[in-house]
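*Asks:* What follows is each chain in one-letter form.
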Amino acid sequence: MGTGFQSFRESDGKLQFDSSLMTLTCIGTGKVNTQARTVAGVGNTTPSAALVPVSSATAIVAARGDGFGISRFGVRSINGTLYWVFATDAPIGTSVSYWVFDMTANVAVPEHGFGTQAFREDGSLYFYSELPIMIGAGIINEADAPIGLPGGRTYAAIMQDLAGHNQSTDALYRDGQPVRDGGDVGGRHVWSRKIDGKLTGVRFDGSRASIVSISFDDVIGQTPGPADQPDPPTVYWSAPLTNALLIDVTGI
Amino acid sequence: MPSGFQTLRDDGSVHLDTTTIVFNIVGFIDLGGAGSAQNGSRALYGLDLGDPFYVAINTGFAVTNQNYYPRVTFAGDVVSWSFPTSDGSQAFQRPNVRLLIGIR
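Chains as they are written, first to last, in the numbering used here: chain A, 1 to 252; chain B, 1 to 104.
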């Protein structure tokens, strides 16, 4: 057992604070407008992209799309600025709200001030009542039904990058002509396919969080492997959205 | 009136109280890299004090490498991971993944 501050939730008796652990604190919030996907090279068919600037590589961004879906694309450095880049299914020019979190231990605080502070054994900050600590509301996964969260509050999501990116073959083309399936047709042919490429994201409608699929690379491309192979391989792969954190950012 | 810890904002509204779920961070683990082991595990203090979760904060995945995603499981205070392929000699078979491990 660690030393220091510890408390438990009244509702279920589970651990709420333990100053031997670490917390995340919101260090910045704002809004950005969605831009053309080409600004950050987001897919081939993504409707728009949102770029959230961060000041450190350890920053973690929670984002919220009000009535539209957001999926995280990755971290990109553009003209010397680091961005968390999101793919969205909203039109260009739509407002995206964001909250940037970092380790509480990295946040500079006054040595003396009002409020309660708790420190870890190594002297780093664990909790300060003046800072907006990360408050959890839930976790949502790719296969989950929409989650209704308590009303009257504001929520955002933290997601893995390229969540749910999948490719499945919508249609096959042999020597440029559409065919129903590959099969063994003999000889060697040039195969291509229409790729059903999507990302998985999170959409908020008020206090309701749901899973959405966002177009990413719905394109016609060459099948993997040699162009003149006898039969096209069947391709399907995906890394589902796993444990997107739903964060309560009310009042931040 | 409930007993326990409560903090207020400057405007008097409740910031957190005894019902608040705080996402406590237990640690970060960086996985992957060409030649890294297929499986691994690590004991982390606090993992068994709440409901554990993980998020792949940065995967650095190239688009075609998604089927090499590591599986992550929890047992007591131990987090374990496993990459799908035994051959991890190539970078794409062991994508770099940063896991945020927490409890709630």
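Hints were generated in silico from the structure; no laboratory data involved.
A quick note: this is a predicted structure, and the numbers were derived from the prediction, not measured.
One or more of the hints may lead you astray.
[To be verified] Partial list, derived from the structure: chain A residues whose beta carbon lies under 7 Å from chain B:
| hint | residue |
| --- | --- |
| 1 | 12 |
| 2 | 21 |
| 3 | 22 |
| 4 | 76 |
| 5 | 129 |
| 6 | 237 |
| 7 | 245 |
[To be verified] Residues from chain B that keep clear of chain A, each with C-beta distances beyond 10 Å, as calculated:
| hint | residue |
| --- | --- |
| 8 | 24 |
| 9 | 27 |
| 10 | 36 |
| 11 | 39 |
| 12 | 46 |
| 13 | 50 |
| 14 | 56 |
| 15 | 59 |
| 16 | 76 |
| 17 | 78 |
| 18 | 81 |
| 19 | 85 |
| 20 | 86 |
| 21 | 88 |
| 22 | 89 |
| 23 | 91 |
C-beta: ideal position from N, C-alpha, C; glycine also.
*Asks:* So, as I understand it, the hint says residue 76(A) touches chain B; can you test that by seeing if any CB pair is closer than 7 Å?
*Replies:* 12 Å, violated
*Asks:* Are all C-beta atoms of chain A more than 10 Å from that of residue 24(B)?
*Replies:* It is violated; residue 24(B) is separated from chain A by about 4 Å at its closest Cβ, not greater than 10 Å.
*Asks:* Quick one: work out the minimum CB distance from residue 85(B) to chain A and report holds if it exceeds 10 Å, violated otherwise.
*Replies:* Consistent with the label, residue 85(B) stays out of reach of chain A, its closest Cβ about 13 Å off (over 10 Å).
*Asks:* With 10 Å as the threshold, tell me whether residue 36(B) passes as away from chain A on beta-carbon distances.
*Replies:* 18 Å, holds
*Asks:* Verify the interface restraint on residue 129(A): the C-beta must sit less than 7 Å from at least one C-beta of chain B.
*Replies:* 4 Å, holds
*Asks:* For residue 91(B), is the shortest CB-to-CB distance to chain A above 10 Å, so the non-interface label stands?
*Replies:* For residue 91(B), whose nearest Cβ neighbour in chain A is about 16 Å away, the distance exceeds 10 Å, so it holds.
*Asks:* Can we confirm that no CB of chain A comes within 10 Å of the CB of residue 39(B)?
*Replies:* About 18 Å separates residue 39(B) from the closest Cβ of chain A, which puts it past 10 Å; holds.
*Asks:* Does the interface hint hold: is residue 21(A) within less than 7 Å of chain B, judged Cβ to Cβ?
*Replies:* Check passed: Cβ of residue 21(A) comes within 4 Å of chain B, closer than 7 Å.
*Asks:* Per the stated criterion, does the least C-beta distance between residue 56(B) and chain A lie above 10 Å, as a non-interface residue requires?
*Replies:* Answer for residue 56(B): violated, closest chain A Cβ roughly 4 Å.
*Asks:* Please settle this one: residue 50(B) was flagged as non-interface, so is its CB more than 10 Å from every CB on chain A?
*Replies:* Label violated. Min Cβ-Cβ 5 Å, cutoff 10 Å.
*Asks:* For residue 59(B), is the shortest beta carbon distance to chain A beyond 10 Å?
*Replies:* 5 Å, violated
*Asks:* Given a cut of 7 Å on the nearest C-beta pair, is the interface hint for residue 12(A) held or broken against chain B?
*Replies:* Residue 12(A) check fails; min Cβ-Cβ to chain B is 9 Å, beyond 7 Å.
Consistency with the previously given hints fails for numbers 1, 4, 8, 9, 12, 13, 14 and 15, ordered from lowest to highest.
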